[in-house]
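Visitor: Here is how the chains run, residue by residue.
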Amino acid sequence: MSTAVLAHDDEHHGHSQPTGIMRWIASTNHKDIGTMYLWFSLTMFMFAGALAMGIRAELFQPGLQFIEPLQFNRLTTLHGLIMIFGAIMPAFVGFANWQVPLMIGAPDMAFPRLNNMSFWLLIPAAILLIASIFVPGGAVGGGWTMYPPLSIQGGMSVDMSILALHIMGVSSIVGSINIITTIFNMRAPGMTLMKMPMFVWTWLITAYLLIAAMPVLAGALTMLITDRHFGTSFFNAAGGGDPVLFQHVFWFFGHPEVYIMILPAFGIISTIIPTFSRKPLFGYASMVYATAAIAILSFVVWAHHMFTTGMPVAGQLFFMYSTMLISVPTGVKVFNWVATMWRGSMTFETPMLFSIAVVFLFTLGGLSGLVLSILPVDIQLQDTYYVVAHFHYVLFSGSAMAIMGGVYYWLPKWTGHMYDEKLGKLHFWMTTIAFNITFFPMHFTGLAGMPRRIPDYALQFAEFNKISSLGAFALGLSQLLFIYVVVKCIHGGAKASASPWEGAHGLEWTVASPAPFHTFETPPIVK
Amino acid sequence: MNKRIILSLSSALMFLVSGVANAEYALNLRAPATEIAGQIYDLHMIILWVCAIIFVLVFSFMFYSIFKHRQSVGYEAAQFHENHVVEIIWTIIPAVILIAMAFPATKTIFAMKDTSAADMSVKITGMQWKWQYDYLDQGVQFISTLSTPEDQIHNKAEKGENYLLEVDNPMVVPINKKVRLLITAKDVIHAWWIPEFGVKQDAIPGFIKEAWIKVDKPGVYRGQCAELCGQAHGYMPIVVEAVDEEKYNIWVASQREAAALANAGADREWTKDELIAGGKVVYEKNCAVCHQANGAGMPPAFPAISGSKIALGAIFGPDGKYLPDSHIDRLLNGKGVMPSWKAILNDVEIASVITYTRQALGNSAVVDSIVQPAQIKAAR
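Each protein sequence line maps, in turn, to chains A and B.
With my numbering, letter number 264 in the first sequence gets 264, and the count goes up by one each step, no holes.
For any residue, its number in my numbering is found by taking its place in the second sequence, counting from 1, and adding 1000.
Careful, some of the hints might be misleading.
Unchecked claim - Each pair of labels, with its calculated beta carbon distance range:
(1) A:46 <-> B:1049: 35 to 45 Å
(2) A:43 <-> B:1259: 32 to 42 Å
(3) B:1169 <-> A:312: 26 to 36 Å
(4) A:133 <-> B:1046: 53 to 63 Å
(5) A:46 <-> B:1309: 23 to 33 Å
(6) B:1026 <-> A:112: 55 to 65 Å
(7) A:133 <-> B:1336: 18 to 28 Å
Stated by the list, open to error - Dumping the calculated DSSO-like pairs for lysine-lysine here, alpha-carbon to alpha-carbon at most 27 Å:
(8) B:1309 <-> B:1321
(9) B:1272 <-> B:1159
(10) B:1178 <-> B:1113
(11) B:1068 <-> A:425
(12) A:466 <-> B:1156
(13) A:466 <-> B:1159
(14) B:1280 <-> B:1247
(15) B:1178 <-> B:1280
(16) A:422 <-> B:1068
(17) B:1178 <-> B:1159
Simulated from the structure, these hints should not be mistaken for laboratory data.
Using N, Cα and C, we set each Cβ at its ideal position, and we do this for glycine too.
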């Protein structure tokens, strides 16, 4: 995504740019840092995806074939941790880096050096997380949620993962401060808050969620590590603590985290759908309010992840009602997207295909979430494959596919080339079909009573698991095509004009493609 | 369109459909066996239909639009971007649907939580990786572990009908009686779950949580631990047999008899071979899952027994009492991850397994090489 900008002539005020590897290590340029974030995310996505292939290979049929139970737990745990903290979150920060300054007409992020730091913190964190596979005792196997007391039993890999998450947390907080400051202080003259592109709005709200939620995770993890090594008893009943306290603190972070991973995706498809419908986004204001409402509500629904812990009735009722409530603003968003398409003049380039699939499949995941919000039903489905299906419908066909759509949408701006439309569409159809073959049957295995996180299962689940595994292998293979299309686009292809999409609006399309190394040194005027 | 593609696609579809027809594909929740599970089943059906209708409605608009409002058919884009009336309507309608859904769900929640006026109470304790059942009013107590043979798990033997869903000692309850369940754990969090009962309750170490069942019809009901609890999480099933009251009473009597018989053994002198033979059985059932069948353990979490200081060192001090951190101390009182076996195993079992681990698994202890059940009885 960057070769094109390499050639750029540095006409500006005489300070020299480092070249070679130092260009990246010392970079303070939002585009270079955005590029690094995106490559980092893609690498982690492929790595954690490979772990999932191991999971599905073991689950292809009943009995133990390839992977011992303990190893299996490590695979599921690392798959979750790396996908969330290594793939999805950094991808969105990559988008924010590239697009927020371009969309608001700012020359760069508010704190360029901080920006550099927040990316480079990810590298030691990723090394810690991946190196934990090779330490005595093996990688973490207590689930990505790291519930004590199980996580107290683990070896030093638990400490390494905790440290990795601490570092990633710092990176996220620093990045969020940067994004908020940029959005509030560096908008082009005339761009009032209610004129900001939807993507910028969703990121502004996401950044606040990050600042509020990440320190809470840090608190939970710190208590965990002192329980492990310094004799405290936060989560140990024998010392006056409570294992469930961890779950409360963790999910107080964890549920906003869910929205941290979906709101920027909403922003991306709210940008793409109007473009290819050739029609303005329907209900811009209600979209902003809905996003804010979701963000606020996300702080009062956390215990719906813990319905089976045996809370008092009052607690159960409160969290059931608040969880049901969150579907109202989410519904508003879906209706708005459909209304944006309504009576548009649609074309179906790859980014649009991905966006339509996101609306369709994310809504499916949202509706299974509504099923899960009904507490008595959740009691049956908690910790089953139904939940696995639910969160992959919102995280893969919500977040990950929105990211893919966004990549196709802005690749011309980033590289100066059009991607191969035929291959892009092929990638879309392969991904969508394989995804549904993988995850749709999991609704049934979950309803029939298959618990998640087990390496082996009873015979009545065999047929659907076989189908899921075959789908998963196809889904994994399809992503190699994604890499191919992206690399091919970086290396060449039809030249992209400054505004290659007929219906696209926004400041990023007023600068050349590829976007010059420095943009908007003189702020544009927004009317 | 290419004819061959259509042909191969349709034959693939045929294959899939015939596969569906031949195999067992469970598509919904299991048939409920309690009133609560029945309510849950109905709640799920209602919300499923509500979701299905909303889904079809919303996306028929979207797909209509996709087919009609496209550039390729020359449709000109309208430029509207707001309609307050529509926006208010589609905020209010979902809210109303939700309120309607909340009523029956709330009723069920209150019913689920009402553990009062129970006919009997059973304490259920989860531990890595088995369940212990204490019938508080009947004085019956036993451990329930997976009974699926290793060979089936490692694909060396054909898998049985209830593969991974079978145990040595099932929990037995009388039908049509309200049974209060007191659920807790010894080491990490587990979850006790029988889908047909609509009960899934986390077992939390240090806390006792309540649930209740009243089974409608006799039968064998199978569930699994539902909270990740370590490497054998997938191997701690739950089996409940619901029987009529007469059969239940016979079962209680037989359990009591067996326990009395086992305890009586504590008073006689046992031979070394008897103890080792019995100890092997106890070891493989209770200890091997962590310390491994060959005693190698899985350090650092689970230390080896072969060559262990505890298994080879002295047990009794000069005064005849067991030493701190001795073999008996560790089994009776536990330490860290190692649970206390005091309440789980009887005197004969503890004496046998201590003798076995001192004499087998590559060990041959010189001091205190044999431990008699009477010594355990005295040590308690």
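Visitor: Please go over all the hints and tell whether each is borne out by the structure.
Guide: How the hints compare with the structure:
For the pair residue 46 of chain A and residue 1049 of chain B, the beta carbons lie near 40 Å from each other, so the given range of 35 to 45 Å is met. As the Cβ distance of residue 43 of chain A to residue 1259 of chain B is approximately 60 Å, the hint placing it in 32 to 42 Å is violated. Between residue 1169 of chain B and residue 312 of chain A, the C-beta spacing of about 33 Å keeps the proposed range 26 to 36 Å intact. Distance hint check for residue 133 of chain A and residue 1046 of chain B: the Cβ-Cβ separation is about 46 Å, which falls outside the suggested range of 53 to 63 Å.
The beta-carbon spacing between residue 46 of chain A and residue 1309 of chain B, approximately 47 Å, falls outside the hinted interval of 23 to 33 Å. Between residue 1026 of chain B and residue 112 of chain A the C-beta distance comes to about 57 Å, which sits within the given range of 55 to 65 Å. For the pair residue 133 of chain A and residue 1336 of chain B, the supplied restraint of 18 to 28 Å holds, since their beta-carbon distance comes to about 25 Å. About 19 Å separates the Cα atoms of residue 1309 of chain B and residue 1321 of chain B, which keeps this hinted pair within 27 Å; it holds.
Our distance criterion of 27 Å between C-alpha atoms is broken by residue 1272 of chain B and residue 1159 of chain B, whose separation comes to about 37 Å. With a CA separation close to 13 Å, the supplied pair residue 1178 of chain B and residue 1113 of chain B stays within the 27 Å bound. Taking the CA atoms of residue 1068 of chain B and residue 425 of chain A, the gap is about 21 Å. The hint holds against a cut of 27 Å. Annotation: proposed proximity of residue 466 of chain A to residue 1156 of chain B holds, straight-line Cα distance about 20 Å (limit 27 Å).
Proposed proximity of residue 466 of chain A and residue 1159 of chain B is supported: the alpha carbons are some 17 Å apart, at most 27 Å. Among the hinted pairs, residue 1280 of chain B with residue 1247 of chain B is inconsistent with the structure: their alpha-carbon atoms are about 33 Å apart, more than 27 Å. Under the criterion of a C-alpha separation no larger than 27 Å, the hint pairing residue 1178 of chain B with residue 1280 of chain B is inconsistent with the structure, at around 39 Å. With a C-alpha separation of about 23 Å, the suggested pairing of residue 422 of chain A with residue 1068 of chain B holds against the 27 Å cut-off.
The suggested pairing of residue 1178 of chain B with residue 1159 of chain B is violated, with an alpha-carbon distance near 35 Å, which exceeds 27 Å.
Violated hints for the displayed structure, listed by number in ascending order: 2, 4, 5, 9, 14, 15, 17.
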